[in-house]
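If you read the sequences in order, they're chains A and B.
Mapping the first sequence onto full-length UniProt numbering, position 150 (from 1) lands on 150, and the numbers just tick up by one.
Mapping the second sequence onto full-length UniProt numbering, position 195 (from 1) lands on 195, and the numbers just tick up by one.
Treat each hint with caution, since some may be false.
[To be verified] Straight-line Cα separation of at most 27 Å, DSS-like style, residue types lysine-lysine; simulated pairs:
| no. | chain 1 | residue 1 | chain 2 | residue 2 |
| --- | --- | --- | --- | --- |
| 1 | A | Lys141 | B | Lys141 |
| 2 | A | Lys4 | B | Lys141 |
| 3 | B | Lys4 | A | Lys124 |
| 4 | A | Lys141 | A | Lys124 |
[As the list claims (entries may be wrong)] Rough simulated footprint, nothing fancy, chain A against chain B, three-plus residues with beta-carbon under 8 Å:
| no. | region |
| --- | --- |
| 5 | 102 to 112 |
| 6 | 125 to 132 |
No wet-lab data here; the hints were simulated from the structure.
This one's a predicted model, so the numbers in the text were calculated from it and none came from an experiment.
Ideal placement from N, C-alpha and C gives every residue a C-beta, glycine not left out.
There are 2 protein chains.
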Amino acid sequence: MAYKLWYWPGIQGRGEFVRLALEAGGIEYRDMAREQSDEALLADLNARAGRTPFAPPYLDTGETVIAQVANILLYLGERHHLAPGALADRLWLNQLQLTIADLVAEAHDVHHPVATGAYYHEQKAEAACAAEGFRAERMPKFLGHFEDAANANDGDWVAGTRWTYADTSLFQVVEGLRYAFPRRMAAIEGDYPALIALHDRVAQLPGVAAYLASDRRIPFNEDGIFRHYPELDGE
Amino acid sequence: MAYKLWYWPGIQGRGEFVRLALEAGGIEYRDMAREQSDEALLADLNARAGRTPFAPPYLDTGETVIAQVANILLYLGERHHLAPGALADRLWLNQLQLTIADLVAEAHDVHHPVATGAYYHEQKAEAACAAEGFRAERMPKFLGHFEDAANANDGDWVAGTRWTYADTSLFQVVEGLRYAFPRRMAAIEGDYPALIALHDRVAQLPGVAAYLASDRRIPFNEDGIFRHYPELDGE
Numbered sequence: 001m002a003y004k005l006w007y008w009p010g011i012q013g014r015g016e017f018v019r020l021a022l023e024a025g026g027i028e029y030r031d032m033a034r035e036q037s038d039e040a041l042l043a044d045l046n047a048r049a050g051r052t053p054f055a056p057p058y059l060d061t062g063e064t065v066i067a068q069v070a071n072i073l074l075y076l077g078e079r080h081h082l083a084p085g086a087l088a089d090r091l092w093l094n095q096l097q098l099t100i101a102d103l104v105a106e107a108h109d110v111h112h113p114v115a116t117g118a119y120y121h122e123q124k125a126e127a128a129c130a131a132e133g134f135r136a137e138r139m140p141k142f143l144g145h146f147e148d149a150a151n152a153n154d155g156d157w158v159a160g161t162r163w164t165y166a167d168t169s170l171f172q173v174v175e176g177l178r179y180a181f182p183r184r185m186a187a188i189e190g191d192y193p194a195l196i197a198l199h200d201r202v203a204q205l206p207g208v209a210a211y212l213a214s215d216r217r218i219p220f221n222e223d224g225i226f227r228h229y230p231e232l233d234g235e
Numbered sequence: 001m002a003y004k005l006w007y008w009p010g011i012q013g014r015g016e017f018v019r020l021a022l023e024a025g026g027i028e029y030r031d032m033a034r035e036q037s038d039e040a041l042l043a044d045l046n047a048r049a050g051r052t053p054f055a056p057p058y059l060d061t062g063e064t065v066i067a068q069v070a071n072i073l074l075y076l077g078e079r080h081h082l083a084p085g086a087l088a089d090r091l092w093l094n095q096l097q098l099t100i101a102d103l104v105a106e107a108h109d110v111h112h113p114v115a116t117g118a119y120y121h122e123q124k125a126e127a128a129c130a131a132e133g134f135r136a137e138r139m140p141k142f143l144g145h146f147e148d149a150a151n152a153n154d155g156d157w158v159a160g161t162r163w164t165y166a167d168t169s170l171f172q173v174v175e176g177l178r179y180a181f182p183r184r185m186a187a188i189e190g191d192y193p194a195l196i197a198l199h200d201r202v203a204q205l206p207g208v209a210a211y212l213a214s215d216r217r218i219p220f221n222e223d224g225i226f227r228h229y230p231e232l233d234g235e
């Protein structure tokens, strides 16, 4: 049975890390809310009882329902060999994915620093301040860490000789930052050659290349996590 | 060999979720920066190469170094039976811990909405706005989810008949919110009787009771994640 993935149908958002791993691995899934609607997602979420997701994305395997991106990827990694089996490797990939989750949350908070429930245009001054710190301090710190991760092994991938879900997630980090902060990325990405080379290798994986060329890949937009507001970018 | 835990020595912070699981499980560890200093922690962190932590806390097992709270707890859960062995249970506990991590990040961002690198007093107006949304929307949403989790099984604990690291973490969530938002918690915690009962059971675990009575438990303070600024509290 194909997995049922539930996530907001109009954005890449956090769900994209799951979509990329599924597509790269050639794993069959249905993107339920894209087949149906936002309302169907909310109805499904609200109808669940017991061990429920706190928020999308979540993956219905038919036997269990798994939420939280890093948790879904941990499951897919073990079940579909999108991660090595050795304990130290599994922990390292999960750790990397959780650090990526931290970056994603911070990238979101740049345009919504004060109130998630309010609009960007209601908090533009605060967002400008948050963006300055994000560009100057946080982007180099995260990207430097991921560059070290890309260099911390002998193979082409973060855990060695086979791509893993952490590799597809690092691809998405570079994509998202380039979209949201093109001027800043152009200025600094030369400092992270191993990460950029890894990004390029992921883009060439057959499953990823086919996905990116399809209409299943939703374009970045200003409803997602990585948003391009030119006034928040800068060298 | 005792584990070496590295975390900021002056605060509970994120490290407290690890300390509580270790103490509840009677697992031997050394709290390295408390034995030494902040500077020793930074020196240790900066001296590491290869698969490095992005930030504290991290646990040096002698064989590997594990960072990110949920990842450390995943390891301890499997290694020391602080979690059940069945896949669905392990995924559920990890999922809960990741949702707790989301709450912890949001609780931090209440007092530092605009700039993590700046002081609270430099962003008090924005913090007041962030706190209003956190108290009104986010606290009931998270607490309601954890109440459901406490009710989603037949036993006394979130995964059944034995306490797990997710139970000790939920204890800490209640403790932290009571410290930071005492008026708000007094007003609403009656809505979450299963969660509060679980909190009380954790407090009575012998390892936890001994820890809380010891000077190893650092008091909450305004350098940590959960901070009590009376102006950010309210019913």
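Here is what the structure says about each hint:
no., hint, result
1, Lys141(A) <-> Lys141(B), "violated (32 Å)"
2, Lys4(A) <-> Lys141(B), "holds (25 Å)"
3, Lys4(B) <-> Lys124(A), "violated (44 Å)"
4, Lys141(A) <-> Lys124(A), "holds (24 Å)"
5, 102 to 112, "holds (count 3)"
6, 125 to 132, "holds (count 3)"
In this structure, the earlier hints numbered 1 and 3 are contradicted, and the remaining ones agree with it.
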